[in-house]
Amino acid sequence: MSVKITHWPGTSLSSADFAEGRVLTVRGGVKAEYAWDAGVAIGRYLEELKRGRLVARRCDGCRRVLVPPRMFCEECFRPTDAWVRLADTGTVQTFSISYVRWDMVRLTEPEIPAVIAIDGASPGYGILHLLGEVDPKEVRVGMRVKAVWKDPAERRGAITDIRYWAPIREGG
Amino acid sequence: MGKVAVVGAGMTRFVRRAQETGKELSYLAARMALDSCGLTLKDVDAVVVGSAPDAFDGVHMKGEYLADGSGGWQKPTLRCFVGGATGVFAPIVGWYHVASGQFDTVLVVCEEKMSSCHPHPQGAFLTIFDHTTERALGPNLLWIFALEMNRYMTVHGITKEEIALVAVKNKKNALDHPCAHLGSEITVDDVLNSEVMAWPVNRLDVSPASDGAAAIVMCSERVAKRVSDRPVWVEGVGWHLDTAYWTNRDLYYPRYVEYAARMAYDMAGIKEPRKEINIVEPYDPFDYKELHHLEGLLFCKPGEAAKLTVDGVTARDGDLPVCPSGGLLGVGNPIAAAGLMKVCELFWQLRGEAGRRQVPGQPRRGLAQAWGDLMQVGTVVILGI
Amino acid sequence: MPERVAIVGVGFSDLRSCTPGVSYKEMMFEAATRAYHDAGVDPRKDVHSFVCVSEDFWEGTSIFDEYVPDQLGAALRPVQTITGDGIQALCCAAMLIRTGTARVVVVEGHSKYSDMRTPHHIQQFAMDPILNRPLGAHANLVAGLEMSRYLYESGNTREQCAMVVAKNRHQALLNPLAAYGARITPDDVLAAPPTFFPLGELDAARPADGCFVMVLAAESAVRDMAGQPVWIAGYGWCTDAPSLESREWGEAAYARLAAEQAYRMAGIASPLRDLDFAELDDAFSYKELQHMEALRLCRPGEAGEWVEDGVTRLDGEFPVNPSGGSLGVGHLLEATGLHRVYETVLQLRGEAGPRQVPGARRGLAQSWRHVPTTTGAVIILERE
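Residue numbers (the numbering used here), protein chains in the order written: chain W, 472 to 643; chain F, 4 to 388; chain S, 3 to 386.
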């Protein structure tokens, strides 16, 4: 009946409608706080980050090395078998150069989030992190990078114990 | 399996900020859908509500809150929720309510009031990331699109110019949609020169956050024959959810969309989608997503969807009209409502009632698809007449 | 005629007031592993669809359905989330099977309540943002108001509600899963500090963490399964008034309407005669009584006498909440209904150990989505 419909409901408001008090709003928020239990796999992952190391879990069913680690293999649906230490180097799978904050406020310095495939994990298996010490114009998919860690005293057992990942210079 | 028909559809205008509450928007769309097929709430056996994160409306257990507006008071009412893919999933839930023989007439209502979320609706997306391994990095929703778009462009060697054509096409199509939030005539250069938000994503690559609602009435064959002169039939449905470990997947290809599509094609007996489907409404919250999804839906080989756009195949008067509605890029993106809007569009197109948006050649079959979560879920509905 | 549907496998993770050793994913993996073992299915090969229940604010994650597939063996499979109670998910799974497009479907629900640091604020966030929330009341005030009106209309008493608490917590002592089994008396309940009078501190079920996973199958698939099938005879669900202003305060209309749907489907004319026991929502003490009446297990106003006379005790004529209910086991958010179904399945399989209802052939499980909602579901299960 679309062609026969002459009136489509819904009333659009402008900023002026709010500014001039033509419509009323009720403000409010929620105090929603959580303390998520990290569990066995991620608990160990965080402990190892504090020690300046990256670890994964190996599944002997499909022979994959999984990072972030999990105590179960989602492909084989069985418990994973062993902890595996990974290098703190990797390859950029994809990246972005982000100029805005979540609320669309412009950033003075762009951030460079990237998916980094970690050396020692199954090919292409990576984590989300940030790149640093690099001109945004020079970032490429396939670029080799290495973790830049916080000082041991500053590490808290968090993903931010790695400050960012910096390019590995040729011959360096 | 019982046959299931869509017999009525309705939607509100999609706007930046609606005066109506979420309940009121739901009511307007539901009322319109019922009126369009001459039914009343008394004829409705069950209600399915679709709505994306509670954080938008700022109400916990939002399905219960919306129950009166969506007609669910004192009825079997359910809210389904598969992130951005909800709008095309709600009609799938409606389908199984009827196809199971459990109910004869089901009202499906999708609503989103994103403007309630302050200071910006994107705030609702901050907590979609893993609370321990990702949120501490301060990610926002744009990142995942930018990361996926970059990977897609890099693997296939696709340019931003080619991708921008999608935004140009859909925003233009939306000029003919009476409910559109952002219909406009723009050029590829306008897209490329718009503000860079998170490279490779520019402002005009993105659909707007909107308020709005959409609704359809679904019923069994027995009821459809009684109440409708031109029922539109559900021929296939499909959905798949991939692993949450998105950083372990190659983002260049949406495998979950392919699996969802194959599920729907099997059910509809479709072997060659490109030949057997006349209209496509893939999910286009960002322009590259339309291309990504056309590939996942098997309308072309991976990496070839851009060429379909460049060659005009996907124009409204092309060989395979894609997003004749104007899509999310043009009509607007009140998440779940936007997905259901695509199903409404198929309903109107297949009945030849889409007015200035009508695609030529009496289309007989159309496909709507939505996508969501951490680049992870595909939902597909195929309608035919 | 659509095929009959059975529950062929059930699994749980241990229910505790807190579970700091495991993440919600690991908890789900534990319950899923048990359920698949019970049914004798491999989720990667034998399961066609998955239905989960969750609410974003309970989890602290927007779009929580993102995080469910892996630990259920459901990655790259048809998975959906219903923001409702687990019994509503069972209804969805049964409908999916009845379409003929899926023969084996898995349902999951869990509570990681202990991850929430501000659960009362979150619960209050479910109230109307314009009309109710600005008044600043705790969501459980709704239960206080409801209890007050229900006692007034039904003639039941606070003392009888206290007997429900004593009964259920006592019964929970026989349930190894239960987190809150206790030997308390009705006087202890009445002496506890009032919260939202007539509601007292011990009238409200306390929260627990835990997960339940269930495997459902079409009749034609059941013979390939290891587990003993328990058949789904009927189900129904309903949402009543969505605002406090329009709410029916005395009667649980959502439970009455959901039960009518389920009774019709199961061909039950006289619930008391046709059922052997029931697992009824008892998130608050009065709810068990209110729900007994709404489900026509007894006449309006009669439920109090029944509990007084011991009719609903484990050794009574019609046991209610042999598991210990939410008061004894703990409230499990959206998994609450699944816990009740789990108990019903054990009873019908004759595996309930010291709390076995002798000769149980048909049982009913009912859930309510807690304050401030008016949503509830009913499912009726039977053995061959």
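Check the hints yourself; a few may be wrong.
With a straight-line cut-off of 27 angstroms between C-alpha atoms, the simulated BS3-like cross-links for lysine-lysine are [stated by the list, open to error]: (1) F/LYS228 x S/LYS47; (2) W/LYS608 x F/LYS175; (3) F/LYS163 x F/LYS310; (4) F/LYS45 x F/LYS6; (5) F/LYS274 x F/LYS304; (6) F/LYS175 x F/LYS6.
Each pair of labels, with its calculated beta carbon distance range [stated by the list, open to error]: (7) F/THR162 x S/GLU247: 51 to 61 angstroms; (8) F/LYS304 x S/GLU386: 17 to 27 angstroms; (9) F/ARG277 x S/ARG298: 26 to 36 angstroms; (10) S/GLY318 x W/GLU518: 47 to 57 angstroms; (11) S/LYS47 x F/PRO305: 36 to 46 angstroms; (12) S/ARG298 x F/GLY358: 49 to 59 angstroms; (13) W/ARG515 x S/SER272: 22 to 32 angstroms; (14) F/LEU44 x W/GLU518: 55 to 65 angstroms; (15) S/CYS20 x W/TRP620: 56 to 66 angstroms; (16) W/GLU504 x S/ASP226: 17 to 27 angstroms; (17) S/GLY303 x F/GLY358: 55 to 65 angstroms.
Think of the hints as simulated: they come from the structure by calculation, not from any bench. Just so you know, even glycine gets a beta-carbon here, dropped at the ideal spot from N, CA and C.
Verification of the supplied hints:
no.	hint	result
1	F/LYS228 x S/LYS47	39 angstroms, violated
2	W/LYS608 x F/LYS175	33 angstroms, violated
3	F/LYS163 x F/LYS310	13 angstroms, holds
4	F/LYS45 x F/LYS6	22 angstroms, holds
5	F/LYS274 x F/LYS304	15 angstroms, holds
6	F/LYS175 x F/LYS6	36 angstroms, violated
7	F/THR162 x S/GLU247: 51 to 61 angstroms	57 angstroms, holds
8	F/LYS304 x S/GLU386: 17 to 27 angstroms	52 angstroms, violated
9	F/ARG277 x S/ARG298: 26 to 36 angstroms	57 angstroms, violated
10	S/GLY318 x W/GLU518: 47 to 57 angstroms	53 angstroms, holds
11	S/LYS47 x F/PRO305: 36 to 46 angstroms	27 angstroms, violated
12	S/ARG298 x F/GLY358: 49 to 59 angstroms	53 angstroms, holds
13	W/ARG515 x S/SER272: 22 to 32 angstroms	57 angstroms, violated
14	F/LEU44 x W/GLU518: 55 to 65 angstroms	57 angstroms, holds
15	S/CYS20 x W/TRP620: 56 to 66 angstroms	33 angstroms, violated
16	W/GLU504 x S/ASP226: 17 to 27 angstroms	47 angstroms, violated
17	S/GLY303 x F/GLY358: 55 to 65 angstroms	60 angstroms, holds
Comparing the model with each numbered hint stated earlier shows that hints 1, 2, 6, 8, 9, 11, 13, 15, 16 do not hold.
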